[in-house]
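Next come the chains, spelled out residue by residue.
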Amino acid sequence: MLSEAEWQALALSLKISLVAVGVALPFAVLAALALARGRFPGRALLDGLVHLPLVLPPVVMGYLLLVTFGTRGPLGGWLLETFGIRFVFSWTGAALAAAVVTFPFQVRAIRLAIEAIDPGLMQAAETLGAGPVDRFVNVILPLALPGIIAGAITAFAASLGEFGAIITFVSNIPGETRTIPLAIYTAIQTPGGEAAAARLVALAIMLACLGLVLSEVAARRVRTLMGQ
Amino acid sequence: MSLEVAVCHRLGAFTLDAAFTVDEPGVTALFGPSGAGKSTLVQAVAGLIRPDKGRIVLDGEVVFDAGSGRHLPARRRRIGYVFQEGRLFPHRSVADNLRFGARRAGGRPATVGFDETVELLGIDHLLGRRPRALSGGERQRVALGRALLSSPRLLLLDEPLAALDQARKAEILPFLARLRDEARVPMVYVTHALDEITQLADTLVLLNEGRVVATAPVLDAMARLDLLPFTGEAEAGAVIACTVERHDTADALTALAFPGGTIWVSALPAPIGARLRVRIRARDVLLAVTADVSTSANTVLEGRVEAIRDEGRGVVDLQLRVGAALIVARLTRRSLARLGLVVGARATALVKAVSIEARAYSS
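So the protein lines, in turn, are chains P and Y. According to numbering that gives the first Met the number 0, the first sequence is numbered sequentially starting from 0. According to numbering that gives the first Met the number 0, the second sequence is numbered sequentially starting from 0.
One or more of the hints may lead you astray.
[Unchecked claim] Computed list of chain P residues with no C-beta within reach of chain Y, every gap over 10 angstroms: (1) Leu63; (2) Trp77; (3) Ser214.
[Unchecked claim] Distance windows between CB atoms, simulated: (4) Y:Arg102 with P:Pro25: 42 to 50 angstroms; (5) P:Ile84 with Y:Pro108: 50 to 58 angstroms; (6) P:Met0 with Y:His124: 51 to 59 angstroms; (7) Y:Gly68 with P:Thr70: 35 to 43 angstroms; (8) Y:His124 with P:Arg42: 44 to 52 angstroms.
[Unchecked claim] Covered stretches of chain Y, going by a simulated chain P footprint (3 or more residues, C-beta under 8 angstroms): (9) 78-85; (10) 88-94; (11) 144-155; (12) 225-235.
No lab work stands behind these hints: they were computed from the structure. Cβ coordinates follow ideal geometry from the N, Cα and C atoms, glycine included.
Here chain P stands alone, though its shape is the one from the complex (with noise of 0.2 angstroms):
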């Protein structure tokens, strides 16, 4: 059915869309709680900072990414320095523009859950002799849970599908950085390429499919779970 290649791209694509949501996903639960909840200076800024990656064109992303990761880039060059870590060329360079550009998915929709908590639970908790912290883990959290797994599948979604991002940022090297997405657009490049295309093409379709099925699931059964 799918050449070695076309594995190679699927395996690609899931492991780094698995990273990229992994990694990002803390950082989208508190970015969601201090929009949510959070009442300080410069709220606006970070709400439009979240969101920038969703107006921006995925081209302009990578760019900037290259920009500030490259081994010369101000972040890059500390980080190869100090850490030993290179993004550029490199799968961890693909799963992070595909965090970076689906980061606003994953706010969205933990942020709207963390919205439609009762404030007064919080209220209830602390009364009860719970701490930030505390009611953090043991209230928003749990009841925030249908939100973070919505958030969480859509967001690897997107990663599947993230192209412009990627190939501006670590290129297109097969069996590192050539994703489902850049695997198609590689294929209709060739002469002949059409059927490995249409391959793709189709496995691009089922995954999708899969992911908004098993979100839906997940997010009842949780709901489920959760008394609401």
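With chain P fixed as given, assemble chain Y onto it according to the hints.
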């Protein structure tokens, strides 16, 4: 228990400027119309809001003092709070909700144990359920248990029955009475429905437009004519603490004794010796100048006129001292003039048994 509150707080156009002191344990009713500032006041006591000015002292500990900037966080005040809507955690079972506060009590000895609380509130059959599967009355009982199990030194009840219908209210009130008598936790009970609390409360704090109008023992406050505009003019009436003296099974009547006389009511399912309160509405009291009149009224109480309130509307209210108790009677000006009643005059109050509503659960 002692609670000393003096706070000033602005909320938009509304200003709360209230002070009251309670020195004895038991139930303190914080009563006033909607918008009087009751909730704001108890939220300040709980530490859920920080007043602009003032001082709150609980059992000698300053929990809030604007002067020194002290504001003990709500979670360290050891004050239980029962909200109007219960506010149970929807993702936790009833048992987990009940243990939420107990687990965070920091090893403080429980005022009332888990099993005892569950038994007291009659919620053992609900333990495994989620809050969503509970009725309104059940939810409030669980909320009450949850607050109680956090070993509070004071329990604040913020209109805990307001969201319930009459039947559910009647279901919860006996539990509150047991809580007061058996758990002995001091309570501040916020309500805008006075009849809810006249059976239970020891002290009444009357709040109106952000200010405390009066703080008095509830039986005195209900009989005070100058407080009628606040305690409710239409339904005005004294509350009398009685003991069940005997049952007249043949006539289906119960005699309630109080230092001053005997009140007859329709048969009550209460044992001899049980203490309870009856409310006698002012408009249900008939006055006579001599005791030897023959009427249908079963209760005949002799007393002396202590005060007369005449607002110039053709209707007057009289406060009558009967032994140690006070009774309020309402009659027309014409009747007052005909009987020649003045302060200090002797008068006899006649009350029909069927007009008295007595509930058996309270002490």
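Verification of the hints:
no., hint, in the structure
1, Leu63, "holds, 40 angstroms"
2, Trp77, "holds, 40 angstroms"
3, Ser214, "holds, 20 angstroms"
4, Y:Arg102 with P:Pro25: 42 to 50 angstroms, "violated, 26 angstroms"
5, P:Ile84 with Y:Pro108: 50 to 58 angstroms, "holds, 53 angstroms"
6, P:Met0 with Y:His124: 51 to 59 angstroms, "holds, 58 angstroms"
7, Y:Gly68 with P:Thr70: 35 to 43 angstroms, "violated, 52 angstroms"
8, Y:His124 with P:Arg42: 44 to 52 angstroms, "holds, 47 angstroms"
9, 78-85, "holds (count 5)"
10, 88-94, "holds (count 4)"
11, 144-155, "holds (count 3)"
12, 225-235, "violated (count 0)"
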